Amino acid sequence: MSSFRTAQIPLVSSHREVYEPCDDSFALVDALLADQVKLLNHHPTLCLEFGCGSGYVITSLALILGKEASATHYIATDINPHAIRVTQETLEAHGLHAELVCTDIASGLEKRLAGSVDVLVVNPPYVPTPEDEVGQDGIASAWAGGENGRSVIDRILPVADVLLSDKGWLYMVTLTANNPAQICLQMREKGYASRIVVQRSTEEESLHVIKFWKDADLQVDGKDSTHKTGPGKVVESLISQLPRLSFWRNNSNTSR
Amino acid sequence: MRLLTHNMLSSNIKGVINGFPLRIEVEKVVEKPVDFNPDFLKNMFSKIEWKPLVDASRTMGYAELPEEADASMLDSHDFLQRFHHALLELHLEEGALFCPETNRRFPVNKGIPNMLLHEDEV
Chain A
1 MSSFRTAQIP LVSSHREVYE PCDDSFALVD ALLADQVKLL NHHPTLCLEF GCGSGYVITS
61 LALILGKEAS ATHYIATDIN PHAIRVTQET LEAHGLHAEL VCTDIASGLE KRLAGSVDVL
121 VVNPPYVPTP EDEVGQDGIA SAWAGGENGR SVIDRILPVA DVLLSDKGWL YMVTLTANNP
181 AQICLQMREK GYASRIVVQR STEEESLHVI KFWKDADLQV DGKDSTHKTG PGKVVESLIS
241 QLPRLSFWRN NSNTSR
Chain B
1 MRLLTHNMLS SNIKGVINGF PLRIEVEKVV EKPVDFNPDF LKNMFSKIEW KPLVDASRTM
61 GYAELPEEAD ASMLDSHDFL QRFHHALLEL HLEEGALFCP ETNRRFPVNK GIPNMLLHED
121 EV
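Sequences listed follow chains A and B, in order.
When you number the first sequence by the UniProt record's numbering, it's gap-free, plus one each residue, and the end is 256.
When you number the second sequence by the UniProt record's numbering, it's gap-free, plus one each residue, and the end is 122.
One side of the interface only, derived from the structure: several residues of chain A facing chain B at Cβ under 10 Å: (1) 73; (2) 79; (3) 84; (4) 85; (5) 97; (6) 100; (7) 101; (8) 102; (9) 108; (10) 111; (11) 112; (12) 113.
Simulated coverage check for chain B against chain A, where a stretch passes if three residues somewhere in it have a Cβ under 8 Å from a Cβ of chain A: (13) 8 to 20; (14) 39 to 45; (15) 110 to 122.
With a straight-line Cα cutoff of 25 Å, these simulated BS3-like cross-link-like pairs (lysine-lysine) come out: (16) B:28 to B:51; (17) B:110 to B:32; (18) B:47 to A:167; (19) A:214 to A:38; (20) A:190 to A:111; (21) A:214 to A:111; (22) B:42 to A:111; (23) B:47 to A:190; (24) B:14 to A:111; (25) A:190 to A:167; (26) B:42 to A:38; (27) A:111 to B:47; (28) B:42 to A:167; (29) B:47 to A:214; (30) A:111 to B:51.
Because the hints were derived from the structure by calculation, they are not lab data.
Predicted, not measured: the structure shown is a model, and the values here were computed from it.
We treat Cβ as the ideally placed atom computed from N, Cα and C, and that holds for glycine.
Kindly produce the complete structure, drawing on both the sequences and the hints.
Following this line, the structure appears as structure tokens:
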């Protein structure tokens with residue numbers, strides 16, 4: 001086990017058909033680093049990543065949770081067999097292990113892992129592309145997101161809802177073009193609160209890393225929730241600010 | 001692939017009713033030591049389908065798990081060590097996962113199961 005805080009770039013393996021760590025990967029790992037104390041106190045038993053690519057994120061997550069979390073098991077999936085190999089090499093170079101499955105999102109795992117995942121991390125293919133570019137072989141699967149970059153994201157969200165445990169957290173990268181406010185609203189309808197952990201603008205794109213968690217006050221149980229103030233207000237303020245305020249980072253009043 | 005992962009995998013082919021467990025076909029098994037962590041095992045126990053784990057570990061050449069298990073056995077260090085070994089230290093390095101409902105084989109190469117489907121299976 002290395003003593004680094006995150007995966008070391010020289011140790012990250014590569015392949016011409018595998019997406020290399022880039023701004024979006026760094027933003028996601030920065031979000032996990034920002035939440036390190038919370039993650040350690042969360043004591044996750046099962047952590048999962050969809051679309052592990054180079055392995056940079058799952059390796060970093062394992063390093064961030066560190067030895068104190070030797071009670072944690074890591075699983076990562078990718079639709080690209082080359083990415084799975086590269087992730088394996090990256091993990092080994094850091095002296096770490098995650099179970100790797102070559103599959104589409106969580107196909108084959110959904111049934112038995114339902115309600116068991118305590119931390120789910122996803123850097124989805126979010127780039128708006130023609131729909132027929134989605135799900136192609138090789139490196140294109142790492143970015144091609146179809147209309148508004150939402151094709152794969154919209155398949156991931158219901159799977160995340162199935163897999164997350166009651167205390168489960170989802171960290172996901174989104175692009176402004178994905179309409180993150182609408183994603184938060186959609187998840188809110190399923191009973192999830194959300195918070196922006198990292199916001200980052202580059203010359204090319206504006207990224208948000210959003211964290212979702214089940215909020216009992218938002219559970220869809222037929223009760224009128226309009227009178228509830230706390231969590232609803234947090235979400236509403238988040239949604240109202242998401243597309244516009246690039247400097248807005250997170251809500252310091254929330255505990256997660 | 002650890003047997004923990006095998007215990008979490010189901011056949012994902014369209015039309016499959018149950019899909020679990022997948023039958024392990026062994027070409028090569030390797031053993032890799034893993035730090036023993038009783039808390040992890042206790043947390044995982046309730047998520048594990050026991051009989052498929054017993055059958056899978058036997059297929060992998062380890063026949064030391066009791067046929068049946070309940071939570072009271074988690075107090076036994078001996079039981080936890082066997083559970084630990086079966087769940088985490090036995091790796092299917094080469095082989096396949098066979099779906100008895102469809103006769104489909106999912107290959108396992110270099111320890112990685114490939115659950116990708118053909119277009120007509122989705």
